[in-house]
Amino acid sequence: MSKDTVTAVRQDGLRYASKVGGSPFLGSGHTRSCFKCGKHRAPSSLQSIRLLGRNEVVCKPNCKAEP
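Each step along the sequence shown adds one to the number in the working numbering, with nothing skipped, and position 10 is 11.
By construction, these hints were calculated from the structure, which means they are not laboratory data. Owing to the predicted nature of the structure, the values given are computational and were not obtained by experimental measurement. Careful: at least some of the hints might be erroneous.
[Stated by the list, open to error] Quick list of in silico lysine-lysine cross-link-like pairs, PhoX-like style, CA-CA up to 25 angstroms:
1. K61 - K40
2. K37 - K65
3. K61 - K37
4. K65 - K40
The task is simple: from the sequences and hints, build the whole structure.
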């Protein structure tokens, strides 16, 4: 997600984006997003908590501790 995107206007007036290929989700592809910060993490670095009457997963021990 931190990959640079370059945009330019073509001769016909259309704008296009060129990005480096690949997926922003590295590793095995088994990730879930934290309910609080929205960052994708491996399931082993998330914990389930009861929030708003539902079970949600959040970063463990907290969102600021993970890089």
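Evaluated hints:
Pair hint K61 plus K40 holds up; C-alpha atoms about 12 angstroms apart against a cutoff of 25 angstroms. Pair hint K37 plus K65 holds up; C-alpha atoms about 11 angstroms apart against a cutoff of 25 angstroms. A threshold of 25 angstroms between alpha carbons decides the hint, and for K61 with K37 the separation of about 11 angstroms falls inside it, so the pair holds. The hinted pair formed by K65 and K40 meets the criterion: a straight-line CA distance of about 11 angstroms does not exceed 25 angstroms.
In this structure, none of the earlier numbered hints is contradicted; all agree with it.
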